[in-house]
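Asks: Chains as they are written, first to last, in my numbering: chain A, -6 to 320; chain B, -6 to 320.
Source of the hints: derived by calculation from the structure; they are not laboratory data.
Check before you lean on any hint, since a few could be wrong.
Because identical chains cannot be distinguished in the list, a pair is counted as satisfied if it fits within a single copy or across any two copies.
Claimed, not checked - List time: in silico SDA-like cross-link candidates among lysine to any residue, alpha-carbon distance up to 25 angstroms:
1) Lys107 / Gln32
2) Lys318 / Ile228
3) Lys318 / Asn101
4) Lys318 / Asp257
5) Lys310 / Asp257
6) Lys107 / Asp257
7) Lys107 / Gly71
8) Lys107 / Phe317
9) Lys107 / Leu90
10) Lys318 / Ala137
11) Lys310 / Thr29
12) Lys310 / Asn101
13) Lys310 / Gln62
14) Lys310 / Ala295
15) Lys107 / Leu320
16) Lys318 / Val167
17) Lys310 / Asn224
18) Lys107 / Leu309
19) Lys310 / Thr216
20) Lys310 / Asp6
21) Lys310 / Arg28
22) Lys107 / Leu261
23) Lys318 / Ala110
24) Lys107 / Arg316
25) Lys318 / Asp308
26) Lys318 / Arg33
27) Lys310 / Arg112
Here the structure is a predicted model, which means the values were calculated and not measured.
Protein chains: 2
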Amino acid sequence: MLSSDLSPAVVYDDLAAAAERLRGAAHLTPVLTSRTVDQRTGHQVFFKCENFQRTGSFKFRGAYNAMSQLEAAQRQQGVLAYSSGNHAQAMALSGSLLGISTTILMPNDAPAVKQAATRGYGAELLLYDRRVTSREALAQQLCAERGTVMIPPYDHPQVVAGQGTVGKELFEQVGELDVLLVCCGGGGLLSGCAIAASELSPGCQVIGVEPAAGDDVTRSFVTRTIQTVHNPDTIADGARTPCPGQVTFPLILQHVQAMLTVTDEQLLRAMFLLWERLKLVVEPTGALATAALLEGLVDPAAARVGVVISGGNVDLKSDLFERFKAL
Amino acid sequence: MLSSDLSPAVVYDDLAAAAERLRGAAHLTPVLTSRTVDQRTGHQVFFKCENFQRTGSFKFRGAYNAMSQLEAAQRQQGVLAYSSGNHAQAMALSGSLLGISTTILMPNDAPAVKQAATRGYGAELLLYDRRVTSREALAQQLCAERGTVMIPPYDHPQVVAGQGTVGKELFEQVGELDVLLVCCGGGGLLSGCAIAASELSPGCQVIGVEPAAGDDVTRSFVTRTIQTVHNPDTIADGARTPCPGQVTFPLILQHVQAMLTVTDEQLLRAMFLLWERLKLVVEPTGALATAALLEGLVDPAAARVGVVISGGNVDLKSDLFERFKAL
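The following block holds chain A by itself, in its conformation from the complex (with noise of 0.2 angstroms):
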């Protein structure tokens, strides 16, 4: 990747341009704080609600700021992905807002929920089989045969850009910080949200949470080389990516000044709070960085904390109430 070496695929002024076509069309998604909190951790504390993002995620971000930079002919093609999360909905909305026909190639045993709310977005889907077919050579045979570009859930320098408006916002939105707390899946959030603090919060100190499971960022940070990890066993599902990208590894390796694990455990734990007492609806990805906040991991010099809050999509009829009475 020679592009990466020489100059980073992504700067702040991408993000300002992503702002600018996410006008309008994102929510801009409220900073909520809580006493309570900031009693419990002896920090500052700014909590940016991206559960109440449009598609209840940040994804929505990225995937609408690239698929409006489609050219004319590629946008009559339509776009294609792959996902079973909230890539999904971010993209299937997105196709609608622009009038760009999306397709989404889904396991035919994902979650009916999941299927009917990208449907519900305006997508087409299309299930496979995946004990007999690979979800790469698939889309590679579809976007050949049918020109469709594929947009990717993290490894793509718009969607990082869109991405990191998030941090954009929420320095915009309570000025600068002492440290910052950013979830980390592939790091598509976390590298942009780190451009983001680079040009506006410069003393800012930018960690990525990851689950303990699935700690293929914090092991590839630490080693300076890209490391990987196979279907991790965590809650986090938005974090279960199997490595950090090509294009934001670098970034994350230029502005991110560290990384933390944290264990289911501790992310149910956070869950909860979140909910019993800020009253959001949070996914556990979506609450990894406030479990770092909760378990003391952050400097207690730092005055002023932001904390992310990436996502609120999660199944009310599942088992996670269980999960809640056996705190």
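Got chain A sorted already, so can you dock chain B onto it with the hints?
Replies: For chain B alone, coordinates are given in the frame of chain A:
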């Protein structure tokens, strides 16, 4: 009640004064919107989110407004309230902030989480056996013995004025509305918000919403005479009040245009939507106004509709989620 016959117990100036007292003490709660809800209902809907208020409900406004006006001698004697719900926590925190010792009478079989929350905000709990003791008699006895002031949950002019700041804030945040939906227990929040509407959005139709099983205010409204209900069977625990109050009822007759009821089944569906789509933890009573909206009980010609979400204090370890699963 000569006073309420001759001149209203609460006027808009009382709300304006309450708002000044609450500045810096109460949260200015956000107003959320949802394109999903707008598309489904055909209205432009504004949700005023008092679940984000301190102590998790609007009750903090009224309690703080009333307690902050006590004279020095009264402050020294402390205050008393009986409640096992949101008013208890609101009184406890207000007392802590104002340096007034607060005693809450609670039945000794009240849920441990509610006892702990109220103690956590700094109140003294006085537990009684409700099989042998009347809380009214016990409260009177304590007030007589100790000289403490009793602050009721709704039937008090300064409590009404405090709750009315919810409506005042909403109109200041979004401008005039065609309809405002407000949940109704004893009518403190409803009458206060209706006073705000009469001043800030005179053409707005203010509608109170009760649980069908606890329709005392609806029947009182229709007959223009106070009607009662005994211990109604509804999940809307904040609206199990027996009747509208001497202070609130004349205000409701003067400023409210209609009363509606919804069933527990409708309430559960509204809660589920608020949790799943808006990512808000809302308690059953807090979803009453939303339920009326979703059931299509609002004039289709109304363009701009305000909905008050009154609180979010729900036991996440209860069997609520079993009820969600059954939807």
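Asks: At 25 angstroms max between alpha carbons, let me know whether lysine 310 reaches glutamine 62 within a copy, between copies, both or neither.
Replies: Neither. Shortest intra-copy (38 angstroms) and inter-copy (46 angstroms) distances fail the 25 angstroms Cα cut-off.
Asks: At most 25 angstroms between C-alpha atoms: does lysine 310 with alanine 295 qualify within a copy, between copies, both, or neither?
Replies: neither (39 angstroms within a copy, 34 angstroms between copies)
Asks: What label fits lysine 310 with arginine 112 when the C-alpha limit is 25 angstroms: within, between, both, or neither?
Replies: within (20 angstroms within a copy, 33 angstroms between copies)
Asks: From the Cα coordinates, with 25 angstroms as the cut-off, is the pair lysine 107 and aspartate 257 best called within, between, both, or neither?
Replies: Answer is within: at 23 angstroms inside a copy they meet the 25 angstroms cutoff, but 27 angstroms across does not.
Asks: Quick one: lysine 107 to phenylalanine 317, C-alpha cut-off 25 angstroms, is that within a copy, between copies, both, or neither?
Replies: So lysine 107 and phenylalanine 317 pass the 25 angstroms test inside a copy (23 angstroms) and across (17 angstroms) alike.
Asks: At most 25 angstroms between CA atoms: does that hold for lysine 107 and leucine 320 within a copy, between copies, both, or neither?
Replies: between (27 angstroms within a copy, 17 angstroms between copies)
Asks: At most 25 angstroms between C-alpha atoms: does lysine 310 with threonine 29 qualify within a copy, between copies, both, or neither?
Replies: Close across copies (20 angstroms), not inside one copy (29 angstroms); limit 25 angstroms.
Asks: What label fits lysine 318 with aspartate 308 when the C-alpha limit is 25 angstroms: within, between, both, or neither?
Replies: both (16 angstroms within a copy, 10 angstroms between copies)
Asks: At most 25 angstroms between CA atoms: does that hold for lysine 107 and leucine 90 within a copy, between copies, both, or neither?
Replies: within (20 angstroms within a copy, 46 angstroms between copies)
Asks: Within, between, both or neither: how does the pair lysine 318, arginine 33 come out at a Cα-Cα threshold of 25 angstroms?
Replies: So lysine 318 and arginine 33 pass the 25 angstroms test inside one copy only (22 angstroms; across, 34 angstroms).
Asks: How do lysine 318 and valine 167 come out at 25 angstroms by Cα distance, when the copy is not named: within, between, both, or neither?
Replies: Cα proximity of lysine 318 and valine 167: none, with 35 angstroms in one copy and 39 angstroms across.
Asks: Could you figure out if lysine 107 and glutamine 32 sit no more than 25 angstroms apart (CA to CA) within one copy, between two copies, both or neither?
Replies: between (38 angstroms within a copy, 20 angstroms between copies)
Checked against the numbered hints listed earlier, the structure breaks hints 10, 13, 14, 16, 19 and 20; every other hint is satisfied.
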